[in-house]
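Chemist: So the chains spell out like this:
4 protein chains.
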Amino acid sequence: MEKIKITDKVLLLGKSDFLVDVAKGVFHTNHGTIKLSSLVGKKFGVNIKSSKGESFSVLRPNINDFLEKRLARLPQIVSLKDCSLIAGYTGLSSGYRVIEAGTGSAFLTTFMANLVKPDGKIFTYELRTDFFNAAKKNIDDSGLSQWVDAKNRDISKGFREKDADIVVLDMIGAEKIVSKAHKALKSGGFLVVYSPYIEQVKSVCNKIEMENFLDVRTTECLVRDYKITRDFSRPNTTMLSHTGYITFARKI
Amino acid sequence: MEKIKITDKVLLLGKSDFLVDVAKGVFHTNHGTIKLSSLVGKKFGVNIKSSKGESFSVLRPNINDFLEKRLARLPQIVSLKDCSLIAGYTGLSSGYRVIEAGTGSAFLTTFMANLVKPDGKIFTYELRTDFFNAAKKNIDDSGLSQWVDAKNRDISKGFREKDADIVVLDMIGAEKIVSKAHKALKSGGFLVVYSPYIEQVKSVCNKIEMENFLDVRTTECLVRDYKITRDFSRPNTTMLSHTGYITFARKI
Amino acid sequence: MEKIKITDKVLLLGKSDFLVDVAKGVFHTNHGTIKLSSLVGKKFGVNIKSSKGESFSVLRPNINDFLEKRLARLPQIVSLKDCSLIAGYTGLSSGYRVIEAGTGSAFLTTFMANLVKPDGKIFTYELRTDFFNAAKKNIDDSGLSQWVDAKNRDISKGFREKDADIVVLDMIGAEKIVSKAHKALKSGGFLVVYSPYIEQVKSVCNKIEMENFLDVRTTECLVRDYKITRDFSRPNTTMLSHTGYITFARKI
Amino acid sequence: MEKIKITDKVLLLGKSDFLVDVAKGVFHTNHGTIKLSSLVGKKFGVNIKSSKGESFSVLRPNINDFLEKRLARLPQIVSLKDCSLIAGYTGLSSGYRVIEAGTGSAFLTTFMANLVKPDGKIFTYELRTDFFNAAKKNIDDSGLSQWVDAKNRDISKGFREKDADIVVLDMIGAEKIVSKAHKALKSGGFLVVYSPYIEQVKSVCNKIEMENFLDVRTTECLVRDYKITRDFSRPNTTMLSHTGYITFARKI
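Residue numbers (the numbering used here), protein chains in the order written: chain S, 50 to 301; chain P, 50 to 301; chain E, 50 to 301; chain H, 50 to 301.
Just chain S, with the same shape it has in the complex:
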């Protein structure tokens, strides 16, 4: 088990959960004050008590802890289930070079950056300066900035990158970028478009049809959680019914 360093982020799991920088030294919560500096040199997995006597487990955070508990959300994010499908259906893994537009809150950006390390890269474009600045902060905060090249730039002029493994579009007017995406992809690479509305899917699919793409597929992912007790099991009463449609197409 690794030891905690002053430069680490730690996940505190207790009555509430927190993801904090050890370098902060002291952390104030409703459940009392936690002396983070005392953690340095201890092993991940250790327990720490707050000034009010509440106990917290100290864990090394993973990407999802960051995405759920720390990332600041400005525009609507691509939810974790959809991020998972985008990665899983394209084979996204270490070494991949991915172009993304727009960056938004950088939720999908950092999710993908975590997968392409140590030798891939996410090139992400965001037109709006306020979103870009917020995204930049999130990317820096994620500790994954080394694998992200974030640009405050209009991609209607095209991408600078070539031979991308994947181009992901999550933006209004994605259909106007399909042709540019085709050019930026390497052969066998994937175009992925995330669309909240079916009309966007149609516009995009019509453009995809005009380019040299294969294996075009539009899908949606529904995740249904269950309540399981010793005596009874049933699906939860409500569920997320819709986030967005995901269209995949492969360049040949």
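Heads up, a few of these hints could be off.
Copies of one chain are not kept apart here, so a pair can be met inside one copy or by any two copies together.
Derived pair list, reagent style DSSO-like, types lysine-lysine, alpha-carbon separation capped at 27 Å [as the list claims (entries may be wrong)]:
(1) K166 x K84
(2) K166 x K92
(3) K232 x K186
(4) K118 x K185
(5) K64 x K185
(6) K232 x K52
(7) K166 x K54
(8) K73 x K200
(9) K211 x K58
(10) K229 x K92
(11) K92 x K211
(12) K166 x K225
(13) K52 x K166
(14) K170 x K58
(15) K206 x K276
(16) K232 x K58
(17) K206 x K232
(18) K276 x K229
(19) K52 x K235
(20) K166 x K58
(21) K84 x K58
(22) K166 x K211
(23) K229 x K52
(24) K235 x K166
(25) K92 x K235
(26) K84 x K118
(27) K91 x K229
(28) K186 x K101
(29) K170 x K92
(30) K225 x K206
Quick caveat, the hints were computed from the structure, so don't treat them as lab data.
Computed from a predicted model, the values in this text were never measured in an experiment.
Based on these hints, arrange chains P, E and H on the given structure of chain S.
Modeler: Chains P, E and H alone, transformed into the frame defined by chain S:
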């Protein structure tokens, strides 16, 4: 664009799709014979004609091409949507050390191996020798064997590995392994159990409750594909309704 | 178009919706007072203004207006989608004789009573006196009491009715009533069991297997609503994920 | 229990299921010949043996037996789950006067006719003569023709009926009929449109917005069946993912 080497596997996309070893030299299909040796030194993305004049695009295959077109399926596999969720919800990425039981056809095994490279490892256990042998072949064939440690061994005696990031169980009697999985996990690590039947979910959840786990969640993933034409859009007529339930739990 | 009588119930549709008895004479709302007595002799479909000048359409209510806007809900009801499937899958229609246990809030009871009129009957049993009294009020209020025989009685002793077209069970311990239901059904009649939990489904199915039933089917009904605007269409963000499982079986 | 008459239809349940006219006298099956005439005067529920010794239960068929086992299907039908929702959400019951276009195979027509008896009526329009003739046969065969007024007529010229409780449209170009449907409905009555494609839903909803309708709702119904055994329970592997969207709107 990279050049094709004699040691490469290539994906041939045409009227039918094939994933073949260039070293094979010549490949016979219904659509004519393809001279693979002539591809060496050419760039991925090139077109090749069969003896019958059929054209094929020659692409570098990714993990999903392997999983769909090449992996020999003996026992029921964990489907790609479920693999995606398992990876996405646990943060599975390069460097992760994962324990898996049972190996089955090694579909999930190779899916995960592709994600943990270049410095992680999948330790996978399979009791049945026939499955183990088939899985071993698939793993070797995937080109990912360097990141897999496959064992023909009964895990009811426990795992040899410690401090795993994830333990994935896809086996009958998974509930008997929950306690051993807890021991093998590092703090903050994930237990993931894939269960076709709700009764298995219950048995597993009852055991999870007896160990020190947090964030227990049982979910199922439904993927709904769409038919999009220039004029009309609608979901496909039929869909996969069920593969298995996935239970996640985090060790503290 | 029919004229409104003093003995009618009317549906008032405006900024808020109400289902009221004309005999009440005057009705007080947040949107002003409505003089119901002035409606007598006018045609359904007329508009009426409140003392605050708010306009309301005056309609003849149907069964669903009653179920949604007027029925007092004590215990959990069987939702409209599930009522619809129960009726649709059994052929429930005028003349049917249906046995139901338990009555609960009488939501399903009145839904079914509306379908069996003018010459069928719902025989409904409720053990708990508080539920029975509330249900009785709802049944009377529905105007359908003529087609309902409600009893505050324990059905563990069996039903008094014979040759029923349908027996519907929505109660804890339904599995103990399966054999009695079989006896009370005419040949070709349907047993329908509504179960929130899968464990109840199993207990019931195990008992069904021991009796002479055919066409056993357990199903669940998911209803997904859409948001359609001039420009965009998409499913609503959230949906009801679960109410209950419905098991059908046919006596031979 | 009622006795079987020469004019009855009977449901034969055995290795295969049949719905036949007793008047036919003799019925030939793969499982041997069945002497139907011998059934007259016996009670429904009786067993009969074929010439090959196979046993069949003899039941009185209900509407669903007719719809599933006997109705000849020419054009695509509205499936039973959707029929159920249409009836359940509009309060369709005895005495209702319903206008339908087009008739198609008369599946929904006879489903509704069974619900409006003894004193309601279905007025159903079909433009195509081949469909009309087939539908007419099905309606006659159902024994419900008394409650159906079927017309081989183009409804683009409007309906002759007024004050309908429900107008149901299942036809290409339904959006062009919305205004006519509004006129034909009584106040408080329901327009129901069944649309396989989302583009049709949009066209219809745009027209609905221009008329005086309330409570506009577009929904789809997914039915998921389960496999329940003594030991294990799980949803079936595949399911129907899509039939059509149903739009409801209420005239004021």
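Chemist: Does each hint hold? Answer for all of them.
Modeler: So, going through the hints one by one against the coordinates:
Taking CA atoms no more than 27 Å apart as the test, K166 paired with K84 passes in neither setting, with 32 Å inside one copy and 37 Å between copies. In this assembly of identical chains, the alpha carbons of K166 and K92 lie at most 27 Å apart whether taken from the same copy (25 Å) or from different copies (26 Å). In this assembly of identical chains, the alpha carbons of K232 and K186 never lie at most 27 Å apart, being 30 Å within a copy and 37 Å across copies at closest. For the homomeric pair K118 and K185, the shortest alpha-carbon distance inside one copy (17 Å) is at most 27 Å, but the shortest distance between copies (40 Å) is not.
In this homomeric assembly, K64 and K185 never come within 27 Å of each other (Cα to Cα): the closest approach is 31 Å inside a single copy and 45 Å across copies. For the identical chains of this complex, K232 and K52 are inter-copy neighbours only, at 19 Å across copies versus 47 Å inside a copy, given an alpha-carbon limit of 27 Å. With identical chains, the CA atoms of K166 and K54 are at most 27 Å apart both within one copy (22 Å) and between copies (25 Å). Taking the closest pair of Cα atoms, K73 and K200 never come within 27 Å of each other, the shortest separation being 29 Å inside a single copy and 45 Å across copies.
For the homomeric pair K211 and K58, the shortest alpha-carbon distance between copies (23 Å) is at most 27 Å, but the shortest distance inside one copy (35 Å) is not. For the homomeric pair K229 and K92, the shortest alpha-carbon distance between copies (22 Å) is at most 27 Å, but the shortest distance inside one copy (49 Å) is not. For the homomeric pair K92 and K211, the shortest alpha-carbon distance between copies (15 Å) is at most 27 Å, but the shortest distance inside one copy (44 Å) is not. Taking CA atoms no more than 27 Å apart as the test, K166 paired with K225 passes in neither setting, with 30 Å inside one copy and 36 Å between copies.
When the C-alpha separation of K52 and K166 is checked against a cutoff of 27 Å, the pair qualifies both within a copy, at 22 Å, and between copies, at 24 Å. For a Cα distance limit of 27 Å, the shortest separation of K170 from K58 qualifies both inside one copy, at 23 Å, and across copies, at 24 Å. In the homo-oligomer, the alpha carbons of K206 and K276 never lie at most 27 Å apart, since the shortest distance is 49 Å inside one protomer and 31 Å across protomers. For the identical chains of this complex, K232 and K58 are inter-copy neighbours only, at 25 Å across copies versus 40 Å inside a copy, given an alpha-carbon limit of 27 Å.
In this assembly of identical chains, the alpha carbons of K206 and K232 lie at most 27 Å apart only when taken from the same copy (13 Å versus 53 Å across copies). In the homo-oligomer, the alpha carbons of K276 and K229 lie at most 27 Å apart only across protomers (24 Å), although the nearest pairing inside one protomer, at 46 Å, exceeds that limit. For the identical chains of this complex, K52 and K235 are inter-copy neighbours only, at 13 Å across copies versus 42 Å inside a copy, given an alpha-carbon limit of 27 Å. Within a single copy, K166 and K58 get their C-alpha atoms as close as 19 Å, and across copies as close as 24 Å, so both meet the 27 Å cut-off.
In this assembly of identical chains, the alpha carbons of K84 and K58 lie at most 27 Å apart only when taken from the same copy (14 Å versus 55 Å across copies). For a Cα distance limit of 27 Å, the shortest separation of K166 from K211 qualifies both inside one copy, at 19 Å, and across copies, at 24 Å. In this assembly of identical chains, K229 and K52 lie within 27 Å of each other by CA distance solely across copies; the values are 24 Å between and 47 Å within a copy. Both within a single protomer and between protomers do K235 and K166 lie at most 27 Å apart by alpha-carbon distance, with minima of 20 Å and 22 Å respectively.
Only between protomers do K92 and K235 lie at most 27 Å apart by alpha-carbon distance; the minimum there is 11 Å, versus 44 Å within a single protomer. Proximity of K84 to K118 under the C-alpha cut-off of 27 Å is restricted to the intra-copy arrangement: shortest distance 20 Å within a copy versus 54 Å between copies. Proximity of K91 and K229 under a CA criterion of 27 Å is satisfied inter-copy only: 25 Å between copies versus 51 Å inside one chain copy. For the homomeric pair K186 and K101, neither the shortest alpha-carbon distance inside one copy (32 Å) nor that between copies (54 Å) is at most 27 Å.
In the homo-oligomer, the alpha carbons of K170 and K92 lie at most 27 Å apart only across protomers (23 Å), although the nearest pairing inside one protomer, at 31 Å, exceeds that limit. With identical chains, the CA atoms of K225 and K206 are at most 27 Å apart within one copy only, with a shortest distance of 11 Å there and 43 Å across copies.
Checked against the numbered hints above, the structure breaks hints 1, 3, 5, 8, 12, 15 and 28 and satisfies the rest.
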